[in-house]
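Chain by chain, the residues run as shown.
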Amino acid sequence: MTTISPAILISMFSRIAETMAADKDRLCALDGVIGDADHGIAMDLGFGAVRDALAAIDPSATDPTAVFNMAAKSFLNAVGASSGPLYATALMRAGAAVKGKTVLDQGDFVAAFQAMAKGIQDRGKAEVGEKTMIDAWVPAAEAAGTAQSEGKPLTEVLDAALVAAEQGAEATKQMIAAKGRSSRLGERSLGHMDPGAASAVTVIRAIREGIVSA
Amino acid sequence: MTTISPAILISMFSRIAETMAADKDRLCALDGVIGDADHGIAMDLGFGAVRDALAAIDPSATDPTAVFNMAAKSFLNAVGASSGPLYATALMRAGAAVKGKTVLDQGDFVAAFQAMAKGIQDRGKAEVGEKTMIDAWVPAAEAAGTAQSEGKPLTEVLDAALVAAEQGAEATKQMIAAKGRSSRLGERSLGHMDPGAASAVTVIRAIREGIVSA
Amino acid sequence: MQTKKIINDGSRAVDEMLDGIIAAHPAHLRRVEGSPRSIVAVDGPRPGKVGLVIGGGSGHEPTFLGFVGKGLADAAAIGNVFASPPPDPILECAKAASGGAGVLFMYGNYAGDVMNFDMAAEMAAMDDIEVRTVLSTDDVASAPRDQIAKRRGVAGNFFIFKSAGAACDLMLSFDECERIARKSNDHTYTMGVALAPCSLPQTRRPNFEIGADEMEIGMGIHGEPGIARGPLQTADAITDAMLDRILDEMAPSRGDRVAILVNSLGSTPLMELYIMNRRVRQRLDDIGVAVHATWVGNYCTSLEMAGASVTLHRLDGELQRMLDHPCDCAMFRAG
Amino acid sequence: MQTKKIINDGSRAVDEMLDGIIAAHPAHLRRVEGSPRSIVAVDGPRPGKVGLVIGGGSGHEPTFLGFVGKGLADAAAIGNVFASPPPDPILECAKAASGGAGVLFMYGNYAGDVMNFDMAAEMAAMDDIEVRTVLSTDDVASAPRDQIAKRRGVAGNFFIFKSAGAACDLMLSFDECERIARKSNDHTYTMGVALAPCSLPQTRRPNFEIGADEMEIGMGIHGEPGIARGPLQTADAITDAMLDRILDEMAPSRGDRVAILVNSLGSTPLMELYIMNRRVRQRLDDIGVAVHATWVGNYCTSLEMAGASVTLHRLDGELQRMLDHPCDCAMFRAG
Ligand SMILES: Nc1ncnc2c1ncn2[C@@H]1O[C@H](COP(=O)(O)OP(=O)(O)O)[C@@H](O)[C@H]1O
Ligand SMILES: Nc1ncnc2c1ncn2[C@@H]1O[C@H](COP(=O)(O)OP(=O)(O)O)[C@@H](O)[C@H]1O
Ligand SMILES: [Mg+2]
Ligand SMILES: [Mg+2]
Ligand SMILES: [Mg+2]
Ligand SMILES: [Mg+2]
Chain A
0 MTTISPAILI
10 SMFSRIAETM
20 AADKDRLCAL
30 DGVIGDADHG
40 IAMDLGFGAV
50 RDALAAIDPS
60 ATDPTAVFNM
70 AAKSFLNAVG
80 ASSGPLYATA
90 LMRAGAAVKG
100 KTVLDQGDFV
110 AAFQAMAKGI
120 QDRGKAEVGE
130 KTMIDAWVPA
140 AEAAGTAQSE
150 GKPLTEVLDA
160 ALVAAEQGAE
170 ATKQMIAAKG
180 RSSRLGERSL
190 GHMDPGAASA
200 VTVIRAIREG
210 IVSA
Chain B
0 MTTISPAILI
10 SMFSRIAETM
20 AADKDRLCAL
30 DGVIGDADHG
40 IAMDLGFGAV
50 RDALAAIDPS
60 ATDPTAVFNM
70 AAKSFLNAVG
80 ASSGPLYATA
90 LMRAGAAVKG
100 KTVLDQGDFV
110 AAFQAMAKGI
120 QDRGKAEVGE
130 KTMIDAWVPA
140 AEAAGTAQSE
150 GKPLTEVLDA
160 ALVAAEQGAE
170 ATKQMIAAKG
180 RSSRLGERSL
190 GHMDPGAASA
200 VTVIRAIREG
210 IVSA
Chain C
0 MQTKKIINDG
10 SRAVDEMLDG
20 IIAAHPAHLR
30 RVEGSPRSIV
40 AVDGPRPGKV
50 GLVIGGGSGH
60 EPTFLGFVGK
70 GLADAAAIGN
80 VFASPPPDPI
90 LECAKAASGG
100 AGVLFMYGNY
110 AGDVMNFDMA
120 AEMAAMDDIE
130 VRTVLSTDDV
140 ASAPRDQIAK
150 RRGVAGNFFI
160 FKSAGAACDL
170 MLSFDECERI
180 ARKSNDHTYT
190 MGVALAPCSL
200 PQTRRPNFEI
210 GADEMEIGMG
220 IHGEPGIARG
230 PLQTADAITD
240 AMLDRILDEM
250 APSRGDRVAI
260 LVNSLGSTPL
270 MELYIMNRRV
280 RQRLDDIGVA
290 VHATWVGNYC
300 TSLEMAGASV
310 TLHRLDGELQ
320 RMLDHPCDCA
330 MFRAG
Chain D
0 MQTKKIINDG
10 SRAVDEMLDG
20 IIAAHPAHLR
30 RVEGSPRSIV
40 AVDGPRPGKV
50 GLVIGGGSGH
60 EPTFLGFVGK
70 GLADAAAIGN
80 VFASPPPDPI
90 LECAKAASGG
100 AGVLFMYGNY
110 AGDVMNFDMA
120 AEMAAMDDIE
130 VRTVLSTDDV
140 ASAPRDQIAK
150 RRGVAGNFFI
160 FKSAGAACDL
170 MLSFDECERI
180 ARKSNDHTYT
190 MGVALAPCSL
200 PQTRRPNFEI
210 GADEMEIGMG
220 IHGEPGIARG
230 PLQTADAITD
240 AMLDRILDEM
250 APSRGDRVAI
260 LVNSLGSTPL
270 MELYIMNRRV
280 RQRLDDIGVA
290 VHATWVGNYC
300 TSLEMAGASV
310 TLHRLDGELQ
320 RMLDHPCDCA
330 MFRAG
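Protein chains in written order, with numbering that gives the first Met the number 0: chain A, 0 to 213; chain B, 0 to 213; chain C, 0 to 334; chain D, 0 to 334.
Hints were generated in silico from the structure; no laboratory data involved. Think of the CB as a built atom: it goes at the ideal place given N, C-alpha and C, for glycine as much as any other residue. Take these hints with a grain of salt, some might be off.
[Claimed, not checked] One side only, chain C facing chain B, incomplete, derived with CB under 8 Å: (1) 84; (2) 115; (3) 199; (4) 224; (5) 291.
[To be verified] Below, in silico cross-link-like pairs of lysine-lysine (DSS-like), each with a Cα-Cα straight-line distance of 30 Å or less: (6) D:69 with D:182; (7) A:172 with A:124; (8) C:149 with B:124; (9) D:182 with A:124; (10) B:98 with B:172; (11) A:178 with A:72; (12) B:124 with C:182; (13) A:117 with A:100; (14) A:172 with D:182; (15) C:182 with B:178; (16) C:149 with B:178; (17) D:149 with A:72; (18) A:100 with A:178; (19) A:151 with A:100; (20) A:172 with A:117; (21) D:69 with A:178; (22) D:182 with D:149; (23) B:100 with B:117; (24) D:182 with C:69; (25) B:100 with B:72; (26) A:178 with A:117; (27) B:178 with B:151; (28) A:178 with A:151; (29) A:178 with D:149; (30) A:100 with A:172; (31) A:124 with D:149; (32) B:72 with C:149; (33) B:98 with B:151; (34) B:172 with C:149; (35) B:117 with C:149; (36) B:178 with B:100; (37) A:117 with A:98; (38) A:117 with D:182; (39) C:69 with C:182.
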């Protein structure tokens, strides 16, 4: 696998949707502890809508930017909530990062991946350490960048991203929430993993699997 | 004990109140099965109000009719519901039955007791067999009348009344309700004792104890 | 373990509630002096008008208090939770509502209410107030058709009291007011479903038991058992079960008009009620029955019981005029 | 075991609810063509008037839909349960509400809502609709006083939207409408208590856990943890705990005037709310604060959550005029 076609992206999104459906209850439960118990619903709904929208397009008559944009739009309109604008912005930025390409090489894909993290940060204005999905996405993007600059193959780049995301999500247990619903919890948010960070791990794992198995 | 003074009547009512308070939960539970779960509340409230009202009067400056009337009025105003008019009418009829007496002899007391049953029947228009308090009160009044005409002492008259009331209440388990809230239950009321019949037994037992121990 | 309630003392709950109601709605409601359980419309009774007195047990709020106001009931007598008021406060309501043209007593058909209101009517007669009684019997689940007089009055009171109140407000004769009240009751059909019990403030225990996946169709507003208990179904299936029975009784023709009330028994939220209303409309559209007006919300509750009821009120020109006649009550809007 | 709900399919619940609402209230509410989650007042928007768009997640009914009507909000954008609507339906509301004089976006201060409404505002700007945003932050329990901008918006929306809607209806300038909206928010103080959770239609599981004898003071309307959890107390003690905090912030003087909202979070019945209102009045009487008007009932709910909130809205001449200005909404009466 060296080039990633629109068809591969579409099947990658379909894998994310599948994984998220399986993870929905756990994410709702996590959100129930420090938020409003709906994060799994939002993520499942969002990526389910992405999958359904992408299923309707002809992979041979589209390009990666169009795939990401359609994913962004369908996610946003299905979800709203916090995750909607955050992931929609992430996906639009990914699309913008690969504008004009018909297929993606490894460098393109890593750029798209990093653009997602940047998009979430721009939209949500959260910093690392504020107990949000940023605490998984930013280290994951950084780890991917490092591995990429070290000349690692894409599989290992994404492995590194996943490990960093997992560690970042784990670290949110030690944080006091400063953004989103749980930011009013203060000390009571300690000890619990942020649901958005948890779902970021799920997304990144599914991306990795989608690309590796392509 | 051959004559029953207003003071004895007052202490008899106070015993009914005490017994009813202890029986409240069981009566609510019975009413919960075939009615609206409040019969214990009503009976406790009613006889509690009777006790409180009677506590305020001077037993040496009153007569049995006045005691019964005050009991009727305070029961009714505290309760309403079904039990309110039924027991208020019972008590007013008991008062009317002994009008003009300053103390009651055995015959007066039995007449008052029978008037109570008659009052409940007149007010509620229920027949024996319709699964109401009538199924305890009517056999009790009849048994008292029979024992009285056989020349039994008051203790035994009231013993006979109590036994008949207990049997009558027990028999309501085999009846299909035809009056009151539970009458819409049809067959589903089978197997359950009527709460009003159950509380009638409690009342009659307390009357017996109140008189016997006087 | 006791159920959770925001109360002080169970035995004071009704009186404290009334304190809070009078404090909240001074423009609409006042107490009869010396009779704290008798609530009168500030702007209600007037000479020559037939008085309308309603009442019953507490725990069904906004029934009955909420229905007191100009154009609806003149007074309500309030009992303990799920218990008829005694005759005294009813009598005081009759006196307060009397404008010399007669007083209508209207309430749901329950043995306790009948006994207490009848005693009050006798007492009112001694005060030269002529009282007539119209019982509401809208709960189609509570007795078969050949025993309509045994049926309970439930959420349909909303329409039944509304028509009678309008007739009174229009200064119609005692005969006319009574006729319209009876007709309105005859044109009102309710059926309910219960999912979870409530608990009384004095006992703080569930007033009936029901399985974690069960519902009871036809259950009464005091938890009186209904006609069938079974597994919880979808909103559409539940609504259909209720409408089947209601429509069977009402036997509407294409072109008929109705008003709808989808009522929460307490804790069933608006979301679920509106989902039910959607189905009611689908069914009525299917058979060509037009909907003149719809109310959705908490109108006749059983404290925090979970469940809902659907009422159809079949309109003709007269009942529609009564429904559209303005009224001014503290707790809702209508007409 | 799943919680009991009268629904068909959890993922269709919001849309089916909206179907039922539109069917029930055709004189008040209509959908924007092609945008089924954008609800507009039939009699609302008009040229030269500042438009008022509100919105947020579902599950709080009658918030937000119930507040759409002449004299209040022109349109509401409706999200999934407890989830902000996405920008598209908000944008459609802005277009429908725009009368050329600017559009106010008003909603509770939640991260998700802020992001979605801000995106919609940017999109509206591209359509030459000027949008300004006023967030409601009335929940005094949700952040300390030095971080007021972090506070959540809860039941006080009732008053905050009401004043803004009146200002818009009076055809005041965009600046004036915005000023009054901000001022109304600054004059509104809410505090809540939760006794039992609700469950989302899609999960059918309690959205938080709480002991059988516990309550949580300050809990948010989505089950966000509050400031203190402890054993359930009496109505007076609970009300006092909430009022202590509210009055501390409001710092009223003798002779001040307020309006009151005692709100059920869902399954707490009117009986308990009125018992609370009784206590609110006692406290206000004690400190010489006058009450101009009181609302009691289900105004901002969390599906079937058990609990209640108290809101005090401090009035001056202007805010009182806004509150008394007539409005005509489907689900309640005010003004
Ligand atoms: N400003 C933000 N920046 C980044 N992530 C955020 C921000 N606000 C919230 N989040 C993330 O969103 C998650 C909650 O998403 P979700 O439950 O879908 O939305 P909502 O809070 O609207 O119910 C949180 O766990 C957090 O990770
Ligand atoms: N018409 C009647 N005649 C005699 N007893 C009746 C009648 N109607 C009801 N009852 C009795 O009243 C009891 C219920 O009383 P209670 O629970 O206090 O009143 P409510 O039914 O108003 O809640 C029934 O168990 C029954 O024994
Ligand atoms: Mg959430
Ligand atoms: Mg009972
Ligand atoms: Mg009762
Ligand atoms: Mg949410």
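_Checking one constraint from the list: CA of residue 178 of chain A to CA of residue 72 of chain A, max 30 Å. Satisfied?_
OK: residue 178 of chain A and residue 72 of chain A at ~24 Å, within 30 Å.
*Is the straight-line distance between the alpha-carbon of residue 151 of chain A and that of residue 100 of chain A 30 Å or less?*
OK: residue 151 of chain A and residue 100 of chain A at ~22 Å, within 30 Å.
*Quick one, are residue 149 of chain D and residue 72 of chain A close enough, alpha carbons at most 30 Å?*
OK: residue 149 of chain D and residue 72 of chain A at ~29 Å, within 30 Å.
_Please verify whether residue 182 of chain D and residue 149 of chain D have alpha carbons no more than 30 Å apart._
holds, 17 Å
*Does residue 84 of chain C pass the interface check with chain B, least Cβ-Cβ distance below 8 Å?*
At about 5 Å, which falls below the 8 Å cut-off, the nearest Cβ of chain B leaves the hint on residue 84 of chain C intact, so it holds.
*asked:* Holds or violated: residue 69 of chain C and residue 182 of chain C, Cα atoms, limit 30 Å.
replied: holds, 21 Å
*Return the status of the interface hint for residue 291 of chain C: holds when the least beta-carbon distance to chain B is below 8 Å, violated otherwise.*
violated, 31 Å
_Interface restraint verdict for residue 224 of chain C against chain B (beta-carbon cut-off 8 Å)_ = OK, holds: residue 224 of chain C within 8 Å of chain B, min 5 Å.
_Interface restraint verdict for residue 199 of chain C against chain B (beta-carbon cut-off 8 Å)_ = holds, 6 Å
*Regarding the pair residue 182 of chain C and residue 178 of chain B, is the alpha-carbon distance no greater than 30 Å?*
holds, 26 Å
*Restraint check for residue 100 of chain B with residue 72 of chain B, where alpha carbons must lie at most 30 Å apart*: Holds, at about 20 Å.
*asked:* Please verify whether residue 149 of chain C and residue 124 of chain B have alpha carbons no more than 30 Å apart.
replied: The given pair, whose Cα atoms are some 14 Å apart, holds under the 30 Å limit.
Hint compliance for this structure: hints 5, 10, 14, 18, 21, 24, 27, 28, 30, 36 and 38 are not met, and every other hint is.
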